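Participant: Top line first, the protein sequences correspond to chains H and W.
Just add 336 to wherever you are in the first sequence, counting from 1, and you've got the numbering used here.
Just add 142 to wherever you are in the second sequence, counting from 1, and you've got the numbering used here.
Do not take every clue at face value.
[To be verified] Simulated restraints on C-beta separations:
1. A797/H - G222/W: 25 to 35 Å
2. R673/H - E263/W: 48 to 58 Å
3. D233/W - F498/H: 41 to 51 Å
4. S202/W - V826/H: 51 to 61 Å
5. S902/H - K289/W: 20 to 30 Å
6. Q177/W - V820/H: 46 to 56 Å
7. D233/W - A394/H: 18 to 28 Å
8. P199/W - H794/H: 21 to 31 Å
9. S792/H - D181/W: 26 to 36 Å
10. L642/H - N192/W: 55 to 65 Å
11. S625/H - D233/W: 20 to 30 Å
Worth flagging that the hints you see were computed from the coordinates, not collected in a lab.
Computed from a predicted structure; not experimentally measured.
Heads up, the beta-carbon is just placed ideally off N, CA and C, and yes, glycines get one too.
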Amino acid sequence: MTVQTTYRTCPRSGLQFEAQAESLMKINAVTAVVALLVGGLLAIGVVLTRWPAVHWLAADTFYMVLTAHGIDMLIFWIIFFEVAVLYFASSTLLRCRIATPKIAWAAYALMLVGAVMNNVAVFQGESSVMMTSYVPMMAHWSFYLGIILFAVGALIACAVFFGTLVVAKREKTYEGSVPLVTFGATTAAIIAVFTLLSGAIILVPTFFQSIGLLDHVDPLIYRTIWWALGHSSQQINVAAHISIWYAVAAIAFGAKPMSERVSRGAFLLYILFLQLASAHHLLADPGISTEWKVVNTSYFMYFAVLASMIHALSIPGAMEVAQRAKGYNKGLFEWLRKAPWGNPTFSGVFIALVGFGFLGGISGVMMGTEQLNLLIHNTIYVPGHFHATVVIGTTLTFMALTYFLIPVLFRREMILPGLAKIQPYLFGFSMYFFSLVMMGAGTLGVSRRHWDMAFSGHALAYEWPGAAYLMMGLVGISGIVAIVGGAAYVLITVGSVFFGKKLDAGAVSPRFTPVSRAAPTAAAQTYGSAGFVAPGTFVLAMFFLVSFVLYYFVNWKYLSQLWGLS
Amino acid sequence: MVLFFMMVFWHIYGKQNLATETYKTTPDKFSAQAQAVVDKYTVRTETEQNVPVVAPPEGSDVYLIGRLWNWWPILELEKGKTYKLHLTSMDYNHGFSLQPTNINIQVVPGYEHVIKVTPNESGTFSIVCNEYCGIGHHEMVGRIYVK
Chain H
337 MTVQTTYRTC PRSGLQFEAQ AESLMKINAV TAVVALLVGG LLAIGVVLTR WPAVHWLAAD
397 TFYMVLTAHG IDMLIFWIIF FEVAVLYFAS STLLRCRIAT PKIAWAAYAL MLVGAVMNNV
457 AVFQGESSVM MTSYVPMMAH WSFYLGIILF AVGALIACAV FFGTLVVAKR EKTYEGSVPL
517 VTFGATTAAI IAVFTLLSGA IILVPTFFQS IGLLDHVDPL IYRTIWWALG HSSQQINVAA
577 HISIWYAVAA IAFGAKPMSE RVSRGAFLLY ILFLQLASAH HLLADPGIST EWKVVNTSYF
637 MYFAVLASMI HALSIPGAME VAQRAKGYNK GLFEWLRKAP WGNPTFSGVF IALVGFGFLG
697 GISGVMMGTE QLNLLIHNTI YVPGHFHATV VIGTTLTFMA LTYFLIPVLF RREMILPGLA
757 KIQPYLFGFS MYFFSLVMMG AGTLGVSRRH WDMAFSGHAL AYEWPGAAYL MMGLVGISGI
817 VAIVGGAAYV LITVGSVFFG KKLDAGAVSP RFTPVSRAAP TAAAQTYGSA GFVAPGTFVL
877 AMFFLVSFVL YYFVNWKYLS QLWGLS
Chain W
143 MVLFFMMVFW HIYGKQNLAT ETYKTTPDKF SAQAQAVVDK YTVRTETEQN VPVVAPPEGS
203 DVYLIGRLWN WWPILELEKG KTYKLHLTSM DYNHGFSLQP TNINIQVVPG YEHVIKVTPN
263 ESGTFSIVCN EYCGIGHHEM VGRIYVK
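One chain only, chain H, in its complex shape (with noise of 0.2 Å):
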């Protein structure tokens, strides 16, 4: 079968776009930066809110804002985002025409049907509900119908991914197993379709209830299977990212993973037990057992943990190995040193890595311990966790990822480079700050989605302690710089994709080329191993250990002196 498309080899990266992948992937990369536009817009009146010297909004137009934060970073600016990485994971890299165009724009339409009919409902003022939507509290029926109907898009757009595979598969695209970047983006595909399943279970019924179809949703049923949405959508981001790390690796240092079966492994226990680390959003709720809660985010929990710190330790060991091979060998960091620190794909990527593991690893495990949780459930700690891992881990990766897709995917050079080249440390170190003081504050008891620390004018009011003021002042702060660090972001990707300068498109040809082992990017599309010789980075991982152990006991030093439990 011989199928009318056509395929163009980039002049600057050796990667091959198909025509119809190409459009598909900038589409929704596009609306995903759109998506990110908005939320970064709300993010400013949710942070000027919480800052508490401004207190800038009124309380329901904040609800309001902080859903609508919620839903458009959460799900919509990263899920298009993934399913631009999805096609670019199937079609691209293993050289192969996308299955399906047609199909794959519909489920795009859907998508972007769903997103606007969601947002519209939020801003209509009836579904201040909150990203969760527990049930019994009601939002417009638009608000369910529309996270559904996204929730089927993204859907037929995994099963498009899964036919790309199957395509590339029959044609014989590619020698051999496919790439670790592609094996990366089925996990999250895989992930991806658990996630929604688990979406339309309980949002179905939510939807019906809605609609006065039916009348009861248990509420603690919805708990436990909106979670299997709620967080194991957040894996999907997960292994999305790791495999841009490994790609971004691939590309920047032409670096191997350090052991392809190891890293596959490690993929393959996140597909396993990751979304049974959903389980610790109920771990303070009643009537689920404490065996159930222990094994759950536990045993099954730490084996997604384990995964994740082999890739943490295989990610910066495969660039160390690869630029030791280039000559840096000198002392333990000199490779490090040596890393293209100016370039905001390599930067961006290195920032999100260091703080998704130090910031968002250890919070997480903390979080996710039965007797802890105690602590922190509902505090700003969470999402404290979650802006170290979400957007320091997965928005920079994205965000690092675009500059290297400017000139290869939208053919343009990029508009102020000086500003990319600062944009990662910028963004990134104002969030690493921004999470750091939002768990200090969550670790004073500071509850999340709050508009009022002070209870003003409340008979029964708690003061909290100077300190907890003074770290949501600071959350404030470090926000607003965040937000413009996002600005920078959007200001150069929009400005590049309009008014960069038009780059040589490359050859066009009507047939693919299969994917060789000589191409510059042939390590992000080839299978192979390089070795385990990567002392610096077991110093950092080292260092990782002890301050985990040490964060991990003080956090029960402080457990043991509260009132006794029972």
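Go by the hints and put chain W onto chain H.
Facilitator: Same frame as chain H, now just chain W:
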């Protein structure tokens, strides 16, 4: 590896474990039970809303209602004594967040969660709601005194 043992170790030997004793309940049933305790052990009322302050005996069942948008009633406990605290919500999800000690528990409507609590310090404690429950969420704050 330590991580693997710590939770189980604490479950058996630690003093801070969240009980899992839970019953299905309804708002009517639970408010009747709470009202009975309030009628029996109220020692005074506070604030303009005359919120009863309940001082239950050691070891007894104490009921605390979370609803839009307050915690009811106010409790007065004694340091070092153990009480069986029953928690539920009359409407939406709420979050029981005891400050400044920082104990945070999810309160889910339809489910009655029974927790044995033993205050280990005296003073005035606040219960902040830390699960978003609508426009009055930030006004939902209650109190526990410990003598």
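Participant: If a hint holds in the structure, say so; if it does not, say that too.
Facilitator: So, going through the hints one by one against the coordinates:
1. A797/H - G222/W: 25 to 35 Å: Since A797/H and G222/W have Cβ atoms about 28 Å apart, the given range 25 to 35 Å holds.
2. R673/H - E263/W: 48 to 58 Å: holds, 51 Å
3. D233/W - F498/H: 41 to 51 Å: holds, 43 Å
4. S202/W - V826/H: 51 to 61 Å: About 59 Å separates the Cβ atoms of S202/W and V826/H, which means 51 to 61 Å holds.
5. S902/H - K289/W: 20 to 30 Å: Given a distance of about 21 Å, which is inside 20 to 30 Å, the answer is holds.
6. Q177/W - V820/H: 46 to 56 Å: holds, 54 Å
7. D233/W - A394/H: 18 to 28 Å: Holds: the Cβ-Cβ distance is about 23 Å, inside 18 to 28 Å.
8. P199/W - H794/H: 21 to 31 Å: holds, 30 Å
9. S792/H - D181/W: 26 to 36 Å: Holds - the Cβ-Cβ distance for S792/H and D181/W, about 33 Å, lies within 26 to 36 Å.
10. L642/H - N192/W: 55 to 65 Å: Between L642/H and N192/W, where Cβ atoms are some 56 Å apart, the hint holds.
11. S625/H - D233/W: 20 to 30 Å: Between S625/H and D233/W, where Cβ atoms are some 26 Å apart, the hint holds.
Of the numbered hints stated above, none is contradicted by the structure.
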